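Trainee: Going down the list, the protein sequences come from chains X and P. According to the numbering used here, the first sequence is numbered sequentially starting from 427. According to the numbering used here, the second sequence is numbered sequentially starting from 165.
Keep in mind the hints are simulated off the structure, nothing from the lab. Note that this is a predicted model, so its numbers are computed, not measured. One thing to keep in mind: the hints can contain errors.
As the list claims (entries may be wrong) - List time: in silico BS3-like cross-link candidates among lysine-lysine, alpha-carbon distance up to 27 Å:
hint	chain 1	residue 1	chain 2	residue 2
1	X	986	X	953
2	X	998	P	404
3	X	900	P	218
4	X	986	X	930
5	X	930	X	544
6	P	342	X	886
7	P	342	X	900
8	P	406	P	342
9	X	886	X	900
10	P	362	P	406
11	P	404	P	342
12	X	953	X	544
13	X	998	P	218
14	P	404	X	544
15	X	900	X	544
16	P	362	X	886
17	P	404	X	986
18	X	930	X	998
19	X	998	X	953
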Amino acid sequence: MDRVRANRFAVSMLVAGGGVFLCSLGNALSRGGSGLAMTAYILGLLTIGLPIFYRLLDGEAGDRERLALACLLGVALYLVKVVHDAPSFTFTDELIHSFNVEQIREHSHLFHHNPVLKVTPYYPGLEGATSALVKISGLSTYTAGVILVGVARLTLIGGLFLLFERIGGSARTAGVAVAIYATNFNFLFWGAQFSYESLALPLLAIVLLMLVERERTPATVMGEWAAPLIVAIAAIVITHHLTSYALIVILVAVSLLLWWFARDWAPPNPWPYALLTFILVVCWLAVVAGETFSYLSNPLSEAVEALANTISGESAPRGLFQDNGAAGPTPIGARAVALIGVALLAVGWIFGIRATWKRYRDRPWPLLFMLASLGFFLALGLRLAPAAWETGNRAGEFFFVGLAFVIAAAGMWELRWPSRRAAPWMLTAAFGFVFIGGVISGWPWDAQLAKPLKVSAEGKTISSPPLALAEWAKEEGPEGNYAAATADANLLMVPGGRTVTTGKNPDVEDMLTNPTLEPWQLRMLRKNDLRYVVTDRREIAGDGLQGYFFPLIGDERFDKLLFPGVATKFSKVPGAARIYDNGLISVYDLGGRP
Amino acid sequence: MTRHRDLRAIALAAAILAVLAVVVPVDWISFLLLAPVAFFLTGYTILLACFVEKPQPWPRAFWISLALSLAVLALLPLPLNFLGGLRPGTWSAGLVLVVLGAAAIAAARRGSYPSAEAPARPALPRPSPFAALLGLGALALAAGAIVLSQTTVSNSDAEGFTALWLKPAPGQGPGEAKARIGIDNQEQHYTTYEVTAKFIGGGEVTRTLSLYPGSHTTFDLAATPQPTPDDPTFVAVTLKRKPEEGAVAPYRRVYGWIPASTEE
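All chains, full assembly: derive it from the sequences and hints.
Mentor: Here it is in structure tokens:
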């Protein structure tokens, strides 16, 4: 990078830093209840995204500068996630995975039971890696997790840039493609959380890069790629189930496409790696992670059934911007931006698919990306079926790799515009819509900004009701098994350090929301050795994303209370003691009478 | 390996850094020592062991090294789990062994490739003072953002509350049982409480106390009558906030049994 470009990049860094600060300010204002919070947050996101995209469009930027800009975008957006909830994890999956790390920290071994998401200890890649930092350096699980996912994010961005550059033959296309990838619905929050996919997806990007580079290696030394590929594939298999299955699908597709063009299964056709991945996945399922079948089969079969019901008209389609939890409504303006963003993606895709076909139709990887880009729009359809929403949302992150390349390959900056100077400005404006639209589509509107988990009062710090419960459990709560609603359960695990059962299996959820005490409830509690029951009258306690925070006066989501019976019914259990009461939340000891 | 200065330097650096990371007691310094080994050197030496004749060029080598290092971090716990567990020593030794093993393979393979190219050195950026200043400004803004995100702010709309809890506690003498009562003030303001403990078949004790927001207190009350192994003492504890003195319903209520003997 020459001096002028280095100076320009430094300016981009400063501006992006300002954007991150604005987002942090937005979150702080939100925690304090200020109405200006969302404005500061959106302004911060645009301050990060728009200048970087504008510069990536610039024909004068150097190749290395483009890579640096792409990384800057990735890191800055990751920091937006970090400042959302520092210094603690507040997303459901993060608390579940940090519980696994705490188990490794305590026992120095893998595969300890996780009562909330039973499958997670059997994919120990993320937690094992985090434990290295935790064990050797003594960092907290939160700090080590944030650093590890940050490094993984950087790897994802660098890997995708080099992949796109190699396939498209242009650093400009690569830079723009990475920026477009950063607009995918799950990039800002879901993909940046402390969860196993956040480590597996970057490894997948690097596997794809290595396969593409391997194709360009002379046949005599192609075997040199074997060890790095095997190491990366094995790491994906033990880190995340869905990513390893996606890798099998991708490898099979690439193998078939390469065969289609060459009519030859000889190297560089990657079928041996597809087979290897398949064997590793099957072995892992058979030997270690057998729980995965039941974990994945239920939501997938529900998704298929819901899709069929929606198509046949048996059930009503799911409304867009409708969250499964207790999220508030998305404002009409935000919905419009999200829909405009999707429409602009579709327009870009139409241009891109033509250009990609014209330029690259004799190459397998661009064809794969074209298929993936189509898959993205098909997956959008899944969002209309209630139980298929999550499947569509998760699949979109993988398909978006193809979509980003296809749209960037359109080379829209080279099209005939009314004014040549207007082109980058208009494209940057379109990027702004797609970017903010993706942010809105990917995360509930009222969870975009931080909420008060702790509040400053008369110079001291007070904790929200569920956090106070977790702090009590850690310091004074009895050992034993607890039953609790999702949000309470997550905090009771971390930082509470307690073993908690929640959700539908066993049906703790219904027991805690039903105002009457029924015999099956006591049988279930006894059968699962659940001695301590945490009752919570807040309806929002069942929401693993929003149930952790202070109730706010005038906020109707917190006014929704369950019947008093959900709590008082346990006082009728013979020998039950109420050992903790903070108003909304109580803890009953069903074996209270010795 | 001794003939290959780059491999020797990597192996030595990895060993020294990994040992220091375990020994140094300050977590952040320990992490800074560990980071090059954990996030780069393991992957890079694997790359050097694999690509001997024509090493991978920068920046590709950097990104693949980063990914392979993450892969090693993910995979290494599996053998460590069965070889002494995931402890600072085993982790540190495991990472160093990966580097040493890969470096040894690279050295051995280089012997069979006389025409092997030396790995290129990465062209590190040399920013101008202006760029460095702006870069520092960016870092300062990012650091400020993180500090701000960790700052607790006030919010008058947040509904404060008080928690009351109860658990058995051992007494001073043998066989003496007590009830431990805890009050946790998470109200937005300094609050005075009246706590009443009523022992069934025994007495009633009332305490008045005041707490600042975010503070908590506990006190033990001897169970009256003292429980026997067959007959635990039942106690009901109620808490009222002081301005609510006249209120009929207590603000918080807990109850339970105090067994004959309790270990701390």
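Trainee: Now, for every hint given, state plainly whether the structure supports it.
Mentor: The hints, checked one at a time:
1. X:986 x X:953: Roughly 31 Å between the alpha carbons, so the hint for residue 986 of chain X and residue 953 of chain X is violated.
2. X:998 x P:404: This hinted pair holds, its Cα atoms lying about 24 Å apart.
3. X:900 x P:218: Roughly 56 Å separates the two Cα atoms, so the pair is violated.
4. X:986 x X:930: Holds, at roughly 21 Å.
5. X:930 x X:544: 13 Å, holds
6. P:342 x X:886: 31 Å, violated
7. P:342 x X:900: Satisfied, since the Cα-Cα distance of roughly 21 Å is no more than 27 Å.
8. P:406 x P:342: 26 Å, holds
9. X:886 x X:900: It holds: about 20 Å lies between the C-alpha atoms, which stays within 27 Å.
10. P:362 x P:406: Distance ~19 Å between residue 362 of chain P and residue 406 of chain P Cα, so the pair holds.
11. P:404 x P:342: Holds - the C-alpha atoms of residue 342 of chain P and residue 404 of chain P are around 22 Å apart, at most 27 Å.
12. X:953 x X:544: 18 Å, holds
13. X:998 x P:218: 76 Å, violated
14. P:404 x X:544: With a Cα-Cα distance of about 42 Å, the restraint between residue 404 of chain P and residue 544 of chain X is violated, given a limit of 27 Å.
15. X:900 x X:544: 22 Å, holds
16. P:362 x X:886: 32 Å, violated
17. P:404 x X:986: 25 Å, holds
18. X:930 x X:998: 24 Å, holds
19. X:998 x X:953: Judged against 27 Å, a Cα distance of about 19 Å means the pair holds.
Going through the hint list in order, the structure does not satisfy hints 1, 3, 6, 13, 14, 16.
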